[in-house]
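Position 107 of the sequence shown, counted from 1, bears residue number 107 in my numbering, the numbering being contiguous throughout.
Hints may contain errors.
Each computed BS3-like pair below joins lysine-lysine, with the alpha-carbon atoms no more than 30 Å apart [stated by the list, open to error]:
{"id": "1", "residue 1": "54", "residue 2": "75"}
{"id": "2", "residue 1": "75", "residue 2": "111"}
{"id": "3", "residue 1": "110", "residue 2": "31"}
{"id": "4", "residue 1": "62", "residue 2": "75"}
{"id": "5", "residue 1": "18", "residue 2": "31"}
{"id": "6", "residue 1": "75", "residue 2": "31"}
{"id": "7", "residue 1": "54", "residue 2": "31"}
{"id": "8", "residue 1": "75", "residue 2": "59"}
{"id": "9", "residue 1": "70", "residue 2": "98"}
Computed spacing ranges between beta-carbons, pair by pair [claimed, not checked]:
{"id": "10", "residue 1": "113", "residue 2": "39", "range": "16 to 26 Å"}
{"id": "11", "residue 1": "54", "residue 2": "88", "range": "28 to 38 Å"}
{"id": "12", "residue 1": "18", "residue 2": "107", "range": "32 to 42 Å"}
{"id": "13", "residue 1": "107", "residue 2": "51", "range": "15 to 25 Å"}
{"id": "14", "residue 1": "98", "residue 2": "47", "range": "20 to 30 Å"}
{"id": "15", "residue 1": "117", "residue 2": "70", "range": "27 to 37 Å"}
{"id": "16", "residue 1": "55", "residue 2": "110", "range": "13 to 23 Å"}
Treat the hints as calculated values from the structure; they're not laboratory data.
Heads up, the beta-carbon is just placed ideally off N, CA and C, and yes, glycines get one too.
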Amino acid sequence: MKIQPLQNTNPNTSFGAKISTPSVFEVTSMKIFHNDGVEGFKEVTKALLDKPIKATGAKGYKYYANIFGKQIMEKYPEIAKATEDIKNIVAQNPLISKLELEHRINPIIKKFGPTIDINL
Numbered sequence: 001m002k003i004q005p006l007q008n009t010n011p012n013t014s015f016g017a018k019i020s021t022p023s024v025f026e027v028t029s030m031k032i033f034h035n036d037g038v039e040g041f042k043e044v045t046k047a048l049l050d051k052p053i054k055a056t057g058a059k060g061y062k063y064y065a066n067i068f069g070k071q072i073m074e075k076y077p078e079i080a081k082a083t084e085d086i087k088n089i090v091a092q093n094p095l096i097s098k099l100e101l102e103h104r105i106n107p108i109i110k111k112f113g114p115t116i117d118i119n120l
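Work out the full structure, taking the sequences as your base and the hints as a guide.
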């Protein structure tokens, strides 16, 4: 009996990290609108970093989120464009509340779906 090699016929297969869309946009825009505190930063950092970080406080997660946010925007231009839209919303309304900001960003999030497959 001959053993057939495993062939991947699905071009959309990715072995990256599936991360919730609001968390990705919190990291790329560095603006918290969905999670409490740095929970979104923590989710992205734990998914994309292969080892646990040493400085686990808010500053540690913010540092790694800033690095990953830049890498995500360089690799995925559609996420970078949506991030610019989010930053424009915040720039036009600097005193916008977290709840109102989340409602204004929901159409952008729905366009990408509940999770984003990130492969850095």
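Inset, instruction - Taking the numbered hints from earlier one at a time, note which ones the structure violates and give those numbers from smallest to largest. - result: Of the numbered hints, 12, 13, 15 and 16 do not hold.
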